[in-house]
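Can you make the complete structure from the sequences, with help from the hints?
Protein sequence lines correspond, in order, to chains A and B. Oh and the first sequence: position 30 is 794 in the working numbering, straight run, nothing missing. Oh and the second sequence: position 104 is 278 in the working numbering, straight run, nothing missing.
Note that these hints are calculated values from the structure, not bench results. All of these numbers come straight from a predicted model, not from anything done at the bench. Be aware that one or more of the hints could be misleading.
Said to hold, decoys possible - Partner residues aside, some chain A positions facing chain B, computed with beta carbon under 10 angstroms:
{"#": "1", "residue": "Leu-770"}
{"#": "2", "residue": "Lys-986"}
{"#": "3", "residue": "Ser-1040"}
{"#": "4", "residue": "Phe-1095"}
Claimed, not checked - Which chain A residues stay away from chain B? Per the calculated CB distances, all over 12 angstroms, these:
{"#": "5", "residue": "Ser-786"}
{"#": "6", "residue": "Gly-944"}
{"#": "7", "residue": "Tyr-945"}
To be verified - Label pairs and their calculated CB-CB ranges:
{"#": "8", "chain 1": "B", "residue 1": "Lys-279", "chain 2": "A", "residue 2": "Phe-1097", "range": "39 to 45 angstroms"}
{"#": "9", "chain 1": "A", "residue 1": "Leu-1081", "chain 2": "B", "residue 2": "His-376", "range": "55 to 61 angstroms"}
{"#": "10", "chain 1": "B", "residue 1": "Lys-235", "chain 2": "A", "residue 2": "Glu-1098", "range": "37 to 43 angstroms"}
{"#": "11", "chain 1": "A", "residue 1": "Thr-1120", "chain 2": "B", "residue 2": "Lys-318", "range": "58 to 64 angstroms"}
Just so you know, even glycine gets a beta-carbon here, dropped at the ideal spot from N, CA and C.
So you can see what is in the structure, the chains are spelled out below.
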Amino acid sequence: MKAFILKDGPFVKNQVKARHLSLYLFIALIPLVLFAWIKNGIYPYLNQNMTFQEMCLPIILILATVITSIITHYIIQKIKKEKMNLYQWLNILNISFIFSLLLPIQTPLYWVVIISFIMMVLENCEPLKKYINPIVIGILLILLSNMLFSQGNLYYNAYEQKQLIDIKEQTMITNNQLSGYQVLVQPYGRILDFVLGSVPGGLGTTCSILLIFAFLYLCYKKAIKWEITITYILTVFGMSAFIGLFSKFGYWYPIYQIISGGLLFGAVFLATDPMSTPTTTAGKVLYGLCLGIITIILRYFVGCNESVLISIFLMSLFSMKLDDIGSIARFHFEKSIPIFICIWICILALGIFIGTKYQVEQGIDIYQKRESI
Amino acid sequence: MGYKLSDLRKMSNVTITEYLTPKYVYIPLASGKDDNVTTFVKKGDYVAIGTVLGKRKGINKVPIHSSVSGHVVGIVKKLYVTGEMVRCVKIENDGKENYIEPLTKKKLTQYTKESFLETILDMGVVGLGGKGFPTYIKYNTDKKIHTLIVNAVECEPYITSDTALMMEKCEEILETVDAIMEINHIDCAMIAVSKSNTELIHKLNKFIGTYLNIKVKVVPNIYPMGWERNLVRELCHTNYNDIPVEKGIVVNNVSTIFAIYEALKYHKPMIERVVTFAGDGLKKPCNVRIKIGTLAKDVIASCIGYQSVEEVQLVAGGPFMGSGLTNDNLALSPEVNCVLALPYEKEEPILPCIRCGKCATVCPAKLNPTGIDKAYRKKDLKKLKQLEVERCIGCGLCSYICPSNRNVRKQIALAKQRLREEEK
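Okay, structure coming up:
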């Protein structure tokens, strides 16, 4: 006699599970983790610009984050009396990797441990997770602590500190985004250096080419809310192209705005955090557009270095609201048209306003200055 | 909108086997969820093929015919397509195949619109796509019908009954479509075929030459392309509220067209249909022509057989929208287009929603399941209404795609039910 098992339909299931999505993200992060160590440790060490301890620093920071996160999460699960599954393990690894890749190299180790702990506590607060991204909160806390208790630019590794000290004396390194090539790009090399990642920044956030590959891989595996990344990047690109056009900068300008300031990393790994972002297509597009606008406002009006993190933090507070708009837009697209029109007008107006009203900081050609010296 | 199901296997064998001599038939006195049927026979009565056993009450007054000749054994309860037990007329088949009226051949085009409607009502023709909606209602309109869509897109994976019927009875089906167009003054007809069904496209192109107003339309190979609303949107670029006839469009699937053919040509009641028996739990999956009321158990035992697996999931219908069955004593009614036997696989644990948004992306009704779930948990009925939960067709794609293994469809069904209860 055959046994008939009764269960609810559907009777077929997609083979891609949550653990697979986490695994794809983990795979996408591995090259960036390696890059973080090579750029901030191995390469300068091989060029004899670093001590052995300095070479190990990036991997120590990453490991400290991972170990603290895992232990904290394990303890929380024990308290909650819940079982850990493979998805959760991979998710914790991914969160700690993303967090550590954003860290400034000079962050004190004890801060990394303390804030990793806080981040994991936030990660386990179910209601909060829909409104905030724990990684963004963690990094903002790190930056706040650095601002309060440290001096100097913590993003420079030992090698960059030695290299850039001369340049700093000769040229202006400025927060004013309306500056020329000599001020924005030349102190760090060429645009290609930004593409390859050999410029100062978070541990693993600078290599644009690796980030583009990671994004393409995640899109191929359907493991990312790609609409957010694309609209975010295109908004920043479009607005800075406008600004560049009015300020008579070259084609490099909008490209620079995308590949600098951790925007690509933020757009690929932070802005697409599933929990704190909208689920509907219109919601995702609106989210990406608003992220772009806030980033530009913070960059040009406030001169803020962490424009990407702050805009993601602010927008995640409104993700549920955007989902509501997105849900209605699915049936009555005409109702969402005014919102889109307002946003596009805002983008255009801001671009023209910044491009025409603000003074351009021309900077000094450091090579000319070096020659004159 | 929909989803390409590349990883689900289709049965390649589209030939039709016959099983028309069951010892007993159990003819359900129900139609879909409506079991409000007046019974005209009692234990011991002799019935011929075509004897009216019962009639649905109300607007859907379609008669239920006997599919065999013999004596009524009694009214018993048997498993129905919905997974519930319903009243059935049990008839012992005498094998004599006595018809209540001898079958006579008629000309398909001799009908007026009124006699056409009368015939398909009297012959009990209902939609054979799974819902059992009375066909005469679709044509009974004062509005001008300008388009007839013949749905040859199998609504779910594994099901091949329409393809098999179309391959075997292509000429008859085209002839019927032409006749329906002439009787109802319909301007054009479209036969919708899935892009992946190349064999059928080839066959249709071979026969369609002489029918100038019938077009073969190839539609994307996505699920649920066979859903009436999707098909109308894809082929006619329009939307409707309740039924497509509002926009002058009628949609019938291949099996229904063939049932109309038999009703018009031979005055034959709807007593047979082709059912797909598929799934890895069966030895010889195939399409079988059966008498309405035959038990699935008898068909499987006589011409299909189970694989030697310990545990089987039996489904009446397709893998997405079908109902789970507790046993194989299923009375095959006009609504059953497929019986699926799948080896039971242990289910993965259900995880909390990760808000990946895949359910919203694939939903053909454009719903936002995560929002609906949230509103349902908060008992926010205003929000549920705003999110138009009523639009859910229960296709199950959201549950299929969910990486957290959540039965999203069930949650939406509960939300829909809650809203309906509140509105009452």
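Hints, one by one, checked against the model:
1. Leu-770: holds, 5 angstroms
2. Lys-986: Holds, about 8 angstroms.
3. Ser-1040: holds, 8 angstroms
4. Phe-1095: holds, 6 angstroms
5. Ser-786: violated, 9 angstroms
6. Gly-944: holds, 42 angstroms
7. Tyr-945: It holds; Tyr-945 of chain A is separated from chain B by about 40 angstroms at its closest Cβ, greater than 12 angstroms.
8. B:Lys-279 <-> A:Phe-1097: 39 to 45 angstroms: Since the Cβ atoms of Lys-279 of chain B and Phe-1097 of chain A sit about 53 angstroms apart, the hinted range of 39 to 45 angstroms is violated.
9. A:Leu-1081 <-> B:His-376: 55 to 61 angstroms: holds, 57 angstroms
10. B:Lys-235 <-> A:Glu-1098: 37 to 43 angstroms: The hinted range 37 to 43 angstroms holds for Lys-235 of chain B and Glu-1098 of chain A, with Cβ atoms some 42 angstroms apart.
11. A:Thr-1120 <-> B:Lys-318: 58 to 64 angstroms: This hint holds: roughly 60 angstroms between Cβ atoms.
Hint compliance for this structure: hints 5 and 8 are broken, all remaining hints hold.
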